[in-house]
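Build out the structure end to end from the sequences listed, making use of the hints.
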Amino acid sequence: MSRCDVVIIDYGMGNLLSVRRGLEHCGASVVVTTDPDEILSATRVVLPGVGAFADGMAELRRNGLDVAVRELAGKGTPLLGICLGMQMLLDESEEFGRTLGLGLIPGRVVPVPSVGIDGLRQKIPHIGWNGLVLPEGRKCWGNTLLHAVVPGEAAYFVHSFMASPTSREHSLANCLYGGQPVTAAIGRGNIVGCQFHPEKSGEVGLKILRAFCAS
Amino acid sequence: MLAKRIIPCLDVNAGRVVKGVNFVELRDAGDPVEIAQRYDAQGADEITFLDITASSDDRDLILHIIEACAAKVFIPLTVGGGVRKVEDVRRLLNAGADKVSMNTAAVTNPQLVADASAKVGSQCIVVAIDAKQTVPGKWEVFTHGGRKSAGLDAVDWARQVQALGAGEILLTSMDRDGTKSGFDIPLTRAIADAVSIPVIASGGVGTLEHLAAGVTEGRADAVLAASIFHFGEYSVREAKEYLRSKGIEVRL
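These protein sequence lines map, in sequence, to chains A and B.
Under numbering that gives the first Met the number 0, the first residue of the first sequence is numbered 0, with each subsequent residue one higher.
Under numbering that gives the first Met the number 0, the first residue of the second sequence is numbered 0, with each subsequent residue one higher.
No wet-lab data here; the hints were simulated from the structure.
Some hints could be false.
Label pairs and their in silico Cβ distance ranges [to be verified]: (1) B/Ile247 - A/Thr165: 34 to 40 Å; (2) A/Val109 - B/Ile51: 24 to 30 Å; (3) B/Ile247 - A/Phe95: 31 to 37 Å; (4) A/Leu99 - B/Pro135: 51 to 57 Å; (5) A/His146 - B/Ile51: 42 to 48 Å; (6) B/Pro135 - A/Cys139: 53 to 59 Å; (7) A/Ala53 - B/Arg26: 48 to 54 Å; (8) A/Val109 - B/Glu216: 32 to 38 Å; (9) A/Gly136 - B/Lys179: 16 to 22 Å; (10) A/Arg137 - B/Arg26: 50 to 56 Å; (11) A/Thr165 - B/Arg37: 42 to 48 Å; (12) B/Gly177 - A/Gly188: 55 to 61 Å.
Every value quoted in this text rests on a predicted model; they were computed, and no experiment measured them.
Just so it is clear, CB atoms sit at the ideal spot from N, CA and C, and this is done for glycine as well.
Here you go:
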């Protein structure tokens, strides 16, 4: 059996080593690249990233990678966006003014609610381990990258903005912060995005990376 | 619900974990990667490495440790000690650290906090504040491992580092550090209430009750401890089970 091949897109945003190590731990053979052709010929692609939305999109465009990502998403290649890489899958972001995203999943990127349902102020950024829960209207995670995750198991988050998908069917998982739902994962066909860091979420995160390697 | 975090702290000197006994005698406590793996297996929510290496020749050893750790431990890693420039931050993050903590350099050059958070994002920048009580309800900031007064009020400084772009504050009570008499609760609460970013309480943990008090009375978002875990008095799991029994949300 050949090893799982994963291409990680390197567009200069954030630390790619941890994502690489996490995937390698799951048996993947990993290539980190800036080359659109290499990305387009990949079996699976990870769009990682930490930092500001506008900078991330500018870096993707500067290298012609936005076109490559849209093309591979269109032809059905499994694509996993992590953190900023997940947020960029959406149409646009409100972070520091309006910025257009990749438009692969309808929706926007909005601030994490800074006030809980009890009216108390919440700490921002939302940093730490929070339990993954099924969003309203979703019965289970079967047939998704989260299929091995048990609702309530925690993943590691660190962010101030979050995805707000237009359609409920693209909402895969939430967590609760001050009682308010915060989007944890989104998905549309071959495209999946995690706000949390699977590469930093211990065994729960590794279950998701293993599922991606098997997708 | 967001869990309160328990963070074991490892002091690293020239590539080895050391345990201080009364702050003077340093004993070798083992390989940092092995110890980090052990804490991960016990359910630690993050690991913090404090690089106390004095010799600049040995400074790069921490980079290799972080690299090795990132290949085996899949939880967040924070590194502090000796960070002076944005380049230092980048090197640590590229080696696999998730957050970098700065203390003295933030006081002597506050612009470093702003520049580093602009470059790598606030979520990667932790400012460590070492504070000592002057009069009840007032605390002063110390730098250089607690040897030098910075002439800053701790609460004012906490607000300032938040404005500069820090994503988290690691707060250590100099009065309590090493005493095993519990966190300085009024200090922890004063800082936690003054800022909107998460606060990690440190300094003085001797019992599991102390950890719980840091969260409930001190309103800390996370608690950091070294000796109670290093000397095998309690495992991280025991600490978490205790917090849960007190109604505190933890990841178990």
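A quick look at each hint next to the structure:
1. B/Ile247 - A/Thr165: 34 to 40 Å: Roughly 37 Å apart at Cβ, these two residues keep to the hinted range, so it holds.
2. A/Val109 - B/Ile51: 24 to 30 Å: For B/Ile51 against A/Val109, whose Cβ atoms are near 42 Å apart, the range 24 to 30 Å is violated.
3. B/Ile247 - A/Phe95: 31 to 37 Å: holds, 35 Å
4. A/Leu99 - B/Pro135: 51 to 57 Å: holds, 54 Å
5. A/His146 - B/Ile51: 42 to 48 Å: With Cβ atoms ~45 Å apart, the hint holds.
6. B/Pro135 - A/Cys139: 53 to 59 Å: holds, 55 Å
7. A/Ala53 - B/Arg26: 48 to 54 Å: This hint holds: roughly 50 Å between Cβ atoms.
8. A/Val109 - B/Glu216: 32 to 38 Å: holds, 34 Å
9. A/Gly136 - B/Lys179: 16 to 22 Å: Since the Cβ atoms of A/Gly136 and B/Lys179 sit about 51 Å apart, the hinted range of 16 to 22 Å is violated.
10. A/Arg137 - B/Arg26: 50 to 56 Å: holds, 53 Å
11. A/Thr165 - B/Arg37: 42 to 48 Å: holds, 46 Å
12. B/Gly177 - A/Gly188: 55 to 61 Å: For A/Gly188 against B/Gly177, whose Cβ atoms are near 56 Å apart, the range 55 to 61 Å holds.
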